[in-house]
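Number of protein chains: 4
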Amino acid sequence: MAATFQTTRRVQFAETDMAGILHFANYYRMMEEVEHAFWRSKGTSVLARNGAQEISWPRVAASCEFSAPARFEDELALMLSVVKVSNRSVTFEIDFRRDETRLALGRVTAVCCAIVEDRFQPIPIPGDLRGMLEA
Amino acid sequence: MAATFQTTRRVQFAETDMAGILHFANYYRMMEEVEHAFWRSKGTSVLARNGAQEISWPRVAASCEFSAPARFEDELALMLSVVKVSNRSVTFEIDFRRDETRLALGRVTAVCCAIVEDRFQPIPIPGDLRGMLEA
Amino acid sequence: MAATFQTTRRVQFAETDMAGILHFANYYRMMEEVEHAFWRSKGTSVLARNGAQEISWPRVAASCEFSAPARFEDELALMLSVVKVSNRSVTFEIDFRRDETRLALGRVTAVCCAIVEDRFQPIPIPGDLRGMLEA
Amino acid sequence: MAATFQTTRRVQFAETDMAGILHFANYYRMMEEVEHAFWRSKGTSVLARNGAQEISWPRVAASCEFSAPARFEDELALMLSVVKVSNRSVTFEIDFRRDETRLALGRVTAVCCAIVEDRFQPIPIPGDLRGMLEA
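Chains as they are written, first to last, in my numbering: chain A, 1 to 135; chain B, 136 to 270; chain C, 271 to 405; chain D, 406 to 540.
Read the hints as simulated data drawn from the structure, not as lab findings.
None of these values were measured; they are calculated from a predicted model.
Hints may contain errors.
[Stated by the list, open to error] Label pairs and their in silico Cβ distance ranges:
| id | chain 1 | residue 1 | chain 2 | residue 2 | range |
| --- | --- | --- | --- | --- | --- |
| 1 | D | Gln458 | C | Arg372 | 22 to 30 Å |
| 2 | C | Lys312 | D | Asp479 | 29 to 37 Å |
| 3 | D | Gln411 | C | Arg372 | 30 to 38 Å |
[To be verified] Residues of chain B clear of chain C, computed beta-carbon distances all greater than 12 Å:
| id | residue |
| --- | --- |
| 4 | Thr179 |
| 5 | Arg184 |
| 6 | Arg237 |
All C-beta atoms, glycine included, are put in the ideal place defined by N, C-alpha and C.
The shape of chain A in the complex, shown without the other chains:
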């Protein structure tokens, strides 16, 4: 069974646009926020260490489908599920809800990388992090 996690997040004024709704690019920022909160809930960080290695998770793909607009001061539920864990990457799905209504459904795939001289080098997901994703 893959990990699931939930946070709530209020829509801020600066995140709205002149159409009066949450600007669509902000959903991708929120996806990342809940992903990082997930790692914190496991007692670690998206920027973890693996022995001497510094680990980061650059995104290789992100998509989102938008069903209904969110508005200023809405309190959204962000429900994260781990939908796929492969050797070097993980795919999260994020369900954006306001009360019972789905507003958007996003997916993001991130690759486990060691940072080597400021460059990203893909590595197999370390066992302890894999365990958190598969818990």
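Since the structure of chain A is already known, use the hints to place chains B, C and D on it.
This is chains B, C and D only, laid out in the frame that chain A set:
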């Protein structure tokens, strides 16, 4: 033959993150910027009028695949293609290049809507706008 | 005695820049976030109604001094004080703290406006809102 | 005579808010953009090198006064002036104009720093950079 359009866009400092690269959510903002520049190049705006109707194009889906990072002060070529025009929606593809290297490839689908009492109501794409998309 | 109010706010990854710190423009967004949370704590919203009037508070000035950088995942205390209430405007001061350390000190002055045909028209602060600011 | 420099910048959709205007925090981002364009116009970058030293310019203060709103697709003139150069810092003033109308007037003070083990260490402004500021 569907419309194509190109702009260039420099990566700004505030758009980078602590990993030293263009933060992935900003690609979605840039997709929208080139889409809006496309409409301007046709002599109109993404916020057009159709007689008494005010028209807007809310997004229903957006995705992006990231191949290589962009960095501060990089000058990116954003190449927009209209890949699908249906009765009420249009799909754009945006190819992000730095010199000959593809950094990312994005897709966004927007629905033609009339704004009625602050709400979005899908309508068939007006003929003059359709002509610009299919030119 | 003027009103005071406090929230906490975690620094998000997308808010950092390639220097590895919270980008300075985000302090202004956070100032606004705590201001809006203040209004909510009073049972109203920054977008209030005054009878038939829709009220908004555009900024006329905002400044911030930065003493020490904030970093990813820092949990900041944002302490808002109402430092001046005049006939039509209010000045808030926001003290950004990480533990006991002041990171920044900001000020923002907003003018009470009625929205009339999409334009801002300054008005005297309605009595009930004034009461909240002076409480 | 201190240096002056000018760019133009179109207001993007994602930079507007539900009040229909350019969100005030974006003025600070634009101030930084024109500052960085100024350095590029001099043949260098805000992230310069001084021999073996890597140089950065963290902000210690920024303020802005807002006179009139900017709206989507407005083309703004951003006029930068160097108003003060001291031993270790520089103050820029940025005048935001739409045609002949001043929309905002901002000031930002940045300190010349060497980056030493990921920390900012103030240093006297190197002579070649000082020359560009005072030209």
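Evaluated hints:
no.	hint	result
1	D:Gln458 x C:Arg372: 22 to 30 Å	holds (28 Å)
2	C:Lys312 x D:Asp479: 29 to 37 Å	holds (34 Å)
3	D:Gln411 x C:Arg372: 30 to 38 Å	holds (36 Å)
4	Thr179	holds (21 Å)
5	Arg184	holds (16 Å)
6	Arg237	holds (22 Å)
Comparing the model with each numbered hint stated earlier shows that all of them hold.
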